[in-house]
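Enquirer: Starting from the two chains in their separate frames, assemble the complex, guided by the hints.
One line per chain: the protein sequences are A and R, in this order. In terms of our numbering, the first sequence has 85 at position 85, counting the first letter as 1, and numbering is strictly consecutive. Add 1000 to a position in the second sequence, counting from 1, and you land on the number used in our numbering.
I should point out that these hints are in silico values taken from the structure, not numbers from a laboratory. A couple of the hints might just be wrong.
To be verified - Covered stretches of chain A (chain R as the covering partner; in silico rule of three or more C-beta atoms under 8 Å from a C-beta of chain R):
hint: 1; region: 5–17
hint: 2; region: 51–60
hint: 3; region: 71–83
hint: 4; region: 174–187
To be verified - Simulated crosslink set (DSS-like; lysine-lysine; CA at most 27 Å straight-line):
hint: 5; chain 1: R; residue 1: Lys-1028; chain 2: R; residue 2: Lys-1083
hint: 6; chain 1: A; residue 1: Lys-122; chain 2: R; residue 2: Lys-1041
hint: 7; chain 1: R; residue 1: Lys-1003; chain 2: A; residue 2: Lys-90
hint: 8; chain 1: A; residue 1: Lys-15; chain 2: A; residue 2: Lys-90
hint: 9; chain 1: R; residue 1: Lys-1028; chain 2: R; residue 2: Lys-1041
hint: 10; chain 1: R; residue 1: Lys-1028; chain 2: A; residue 2: Lys-55
hint: 11; chain 1: R; residue 1: Lys-1028; chain 2: R; residue 2: Lys-1038
hint: 12; chain 1: R; residue 1: Lys-1028; chain 2: A; residue 2: Lys-198
hint: 13; chain 1: A; residue 1: Lys-95; chain 2: R; residue 2: Lys-1041
hint: 14; chain 1: A; residue 1: Lys-122; chain 2: A; residue 2: Lys-20
hint: 15; chain 1: A; residue 1: Lys-15; chain 2: R; residue 2: Lys-1041
hint: 16; chain 1: A; residue 1: Lys-6; chain 2: R; residue 2: Lys-1003
hint: 17; chain 1: A; residue 1: Lys-187; chain 2: R; residue 2: Lys-1009
hint: 18; chain 1: R; residue 1: Lys-1005; chain 2: A; residue 2: Lys-6
hint: 19; chain 1: A; residue 1: Lys-198; chain 2: A; residue 2: Lys-55
hint: 20; chain 1: R; residue 1: Lys-1009; chain 2: A; residue 2: Lys-198
hint: 21; chain 1: A; residue 1: Lys-15; chain 2: R; residue 2: Lys-1009
hint: 22; chain 1: A; residue 1: Lys-7; chain 2: R; residue 2: Lys-1041
hint: 23; chain 1: A; residue 1: Lys-7; chain 2: R; residue 2: Lys-1005
hint: 24; chain 1: A; residue 1: Lys-55; chain 2: R; residue 2: Lys-1041
hint: 25; chain 1: A; residue 1: Lys-15; chain 2: R; residue 2: Lys-1005
hint: 26; chain 1: R; residue 1: Lys-1028; chain 2: R; residue 2: Lys-1003
hint: 27; chain 1: A; residue 1: Lys-7; chain 2: R; residue 2: Lys-1009
A virtual CB, placed ideally from N, CA and C, is assigned to each residue, including glycine.
Now for the letters of each chain:
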Amino acid sequence: MWQYEKKLQYPINIKNPNPKYAQIIISQYGGPDGELGASMRYLTQRYSMPYDDVKGLLTDIGTEELAHLEMVCAMVHQLTRNLTPEEIKKSGFDKYFVDHTAAVYPVAAAGIPWRAEYIQAKGDIIADLHEDLAAEQKARVTYDNLLRLIDDPDILDPLRFLRQREIVHYQRFGEALRRTTDRLDSKNFYACNPSFDKNCGR
Amino acid sequence: MNKAKLRRKIWELDFAIHEMVLFLDTHKNNTAALNRLKMYKREREMLVREYVSRFGSMNETANASECNNSWCWLDGPWPWENKFAEE
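Bound conformation, chain R alone (with noise of 0.2 Å):
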């Protein structure tokens, strides 16, 4: 997987994730979306992993942010800008 597929794959778990947490918001006891929701989170910590192995901080928090000494947080391009989508 080359360095935007693999991003953009992390970021679809993200959405599985999160739609397991609205569902579970309103099914507190339902086991298969509980073991869903920790297949999800594995797979994405699996592929995060692999990610900063191969090409660093993912940057997507100020505070996971430090690469090479430097405060890559504020590096370009920011979500909004075509680029972003483009990288």
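For reference, chain A alone in the conformation it holds in the complex (with noise of 0.2 Å):
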């Protein structure tokens, strides 16, 4: 089960509202290699791995990728907040406008709807942690992009948070990797599905 605290990970409090900036940002939350992707990844890949340490790896990234997509959602929420009928037609925000008002809702920056086949549990240790460690790469590669695209100092500072964070979790996704590796055949890694085949790697 889940407790929830009363808190953001990391403190956002942005002074200008700038739909512009919000139709960017939200695809951290809804988008391919958005938080929001990424709790559901490794939440649901927990339930076939093998190893009680990846099983616990798994379980405290994916609960710290909810509180990232909390994050993102307060950005999008205080930029789109307080806006003008003239401000929404300006910024292009009124085809997200029209839809969902100032709401927060799963989509891409490109307006497609969060899908699941943004994650993937395939039910193998070895290609599910390559999943991962190339999701953090490709979260990494999107803040990259917006920190490119955004020069307000309120956005910037909770972006380059998220940002390293997807740095340390690569870097623990590639401990797991090289830990279960350890575990089985050194000649022939692939011989069985740990995740599948009994003895595998005993």
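Expert: Put into structure tokens, the structure is as follows:
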């Protein structure tokens, strides 16, 4: 189960609303490499993980990703508060506004709603950990791209924090992959599937 | 330390504790990391005690949010609102 803590992992207080920025930042909520997908990916993969330490890592990183999607939503919420119809039209936010008003709905920057295809649970520990490593790098690149397009320090500061977390998670998943292959036959890691075959690697 | 600074310091320790948790997930028997985790938790406990004695409940979780016979869990601002960071 989970218990909510009434705080953000890193504080967010954006003074100037900016619906143009909101429309690109929202991709890190509902986009292909966003935090919603990250959380669902790791929490979903737990059930077929054969090793206790990797179950724990997926639980803890999957939980942190929930805190990250809350941060991204907080940014979008603060960037879209108190808008006038004029500002909505001028910024191009009208295409989102017509369906969602100022709610925070999981879509990619180009407007595509969040899809389960953004995540994968393959049921093979090596395949799943590689998926996770790639996901962290893709999310890092998305943050890099946002950092190129935005020049408000109130937004850049939490974005830099989130970018750094992708790098830390990548490091931890890399260690989990190494610990996994250490348990397998070094001549052929793929001789069996430790997530499915009994006695694989024993 | 004023209320906002103290709260911020406690949250910084929460982050440091979380970092140690992730590190220990892949370094189970690392005693230096275990000791560091204990140190951060002790420090946090001390600061929370100071906070509660000076300002009342931290009001962070639903199961620890009774203050003055009222259900203050519901008291805003909520974390995604600008006012939350300004408090």
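Enquirer: Does each hint hold? Answer for all of them.
Expert: Going down the list of hints, with the structure as the test:
Coverage of the region 5–17 of chain A by chain R holds. Counting CB-CB distances below 8 Å, 11 residues qualify, and the rule asks for three or more. Beta-carbon proximity to chain R at under 8 Å applies to 4 residues in the region 51–60 of chain A; the threshold of 3 is reached and the given coverage holds. Check on the region 71–83 of chain A: 5 of its residues sit with their Cβ under 8 Å from a Cβ of chain R, so the three-residue criterion for coverage holds. Here's how the region 174–187 of chain A fares: 3 of its residues keep a CB closer than 8 Å to some CB of chain R, so the rule of at least three is met and the hint holds.
For the hint pairing R:Lys-1028 with R:Lys-1083, the CA-to-CA distance comes to about 40 Å; that exceeds 27 Å, so the pair is violated. Of the pairs offered as hints, the one joining A:Lys-122 and R:Lys-1041 is violated, with about 37 Å between alpha carbons and a cut-off of 27 Å exceeded. Between R:Lys-1003 and A:Lys-90 the alpha-carbon distance is near 41 Å, which puts this suggested pair outside the 27 Å criterion. About 20 Å separates the Cα atoms of A:Lys-15 and A:Lys-90, which keeps this hinted pair within 27 Å; it holds.
Our distance criterion of 27 Å between C-alpha atoms is met by R:Lys-1028 and R:Lys-1041, whose separation comes to about 18 Å. For the suggested pair R:Lys-1028 and A:Lys-55, the alpha carbons sit about 13 Å apart, so the restraint of at most 27 Å is met. Of the supplied pair hints, the one linking R:Lys-1028 and R:Lys-1038 holds, its CA atoms being roughly 14 Å apart against a limit of 27 Å. The suggested pairing of R:Lys-1028 with A:Lys-198 holds, with an alpha-carbon distance near 25 Å, which does not exceed 27 Å.
A hinted pair counts as satisfied when its Cα atoms are at most 27 Å apart, and A:Lys-95 with R:Lys-1041 does not qualify at roughly 47 Å. Between A:Lys-122 and A:Lys-20, the direct Cα distance comes to roughly 37 Å. Violation of the 27 Å bound is thereby established for this hinted pair. The straight-line distance between the Cα atoms of A:Lys-15 and R:Lys-1041 is roughly 33 Å, outside the 27 Å bound, and the hint therefore fails. Taking the CA atoms of A:Lys-6 and R:Lys-1003, the gap is near 16 Å; set against the 27 Å cutoff, the hint holds.
With a C-alpha separation of about 49 Å, the suggested pair A:Lys-187 and R:Lys-1009 falls outside the 27 Å cut-off, and the hint is violated. For the hint pairing R:Lys-1005 with A:Lys-6, the CA-to-CA distance comes to about 17 Å; that is within 27 Å, so the pair holds. With a CA separation close to 18 Å, the supplied pair A:Lys-198 and A:Lys-55 stays within the 27 Å bound. With a C-alpha separation of about 48 Å, the suggested pair R:Lys-1009 and A:Lys-198 falls outside the 27 Å cut-off, and the hint is violated.
For a cut-off of 27 Å, the pair hint linking A:Lys-15 to R:Lys-1009 stands: about 23 Å separates their Cα positions. Between the alpha carbons of A:Lys-7 and R:Lys-1041 the distance comes to roughly 18 Å, so the proposed pair stays at or under 27 Å and holds. Proximity of A:Lys-7 to R:Lys-1005 is assessed by CA-CA distance (about 14 Å); at most 27 Å being required, the pair is judged to hold. At roughly 24 Å between alpha-carbon atoms, A:Lys-55 and R:Lys-1041 fall within 27 Å of each other, so this suggested pair holds.
About 20 Å separates the Cα atoms of A:Lys-15 and R:Lys-1005, which keeps this hinted pair within 27 Å; it holds. For the hint linking R:Lys-1028 to R:Lys-1003, the alpha-carbon distance of about 36 Å lies beyond 27 Å, and the restraint is violated. Proximity of A:Lys-7 to R:Lys-1009 is assessed by CA-CA distance (about 13 Å); at most 27 Å being required, the pair is judged to hold.
Violation of the numbered hints given earlier is confined to hints 5, 6, 7, 13, 14, 15, 17, 20 and 26; the remaining hints are satisfied by the structure.
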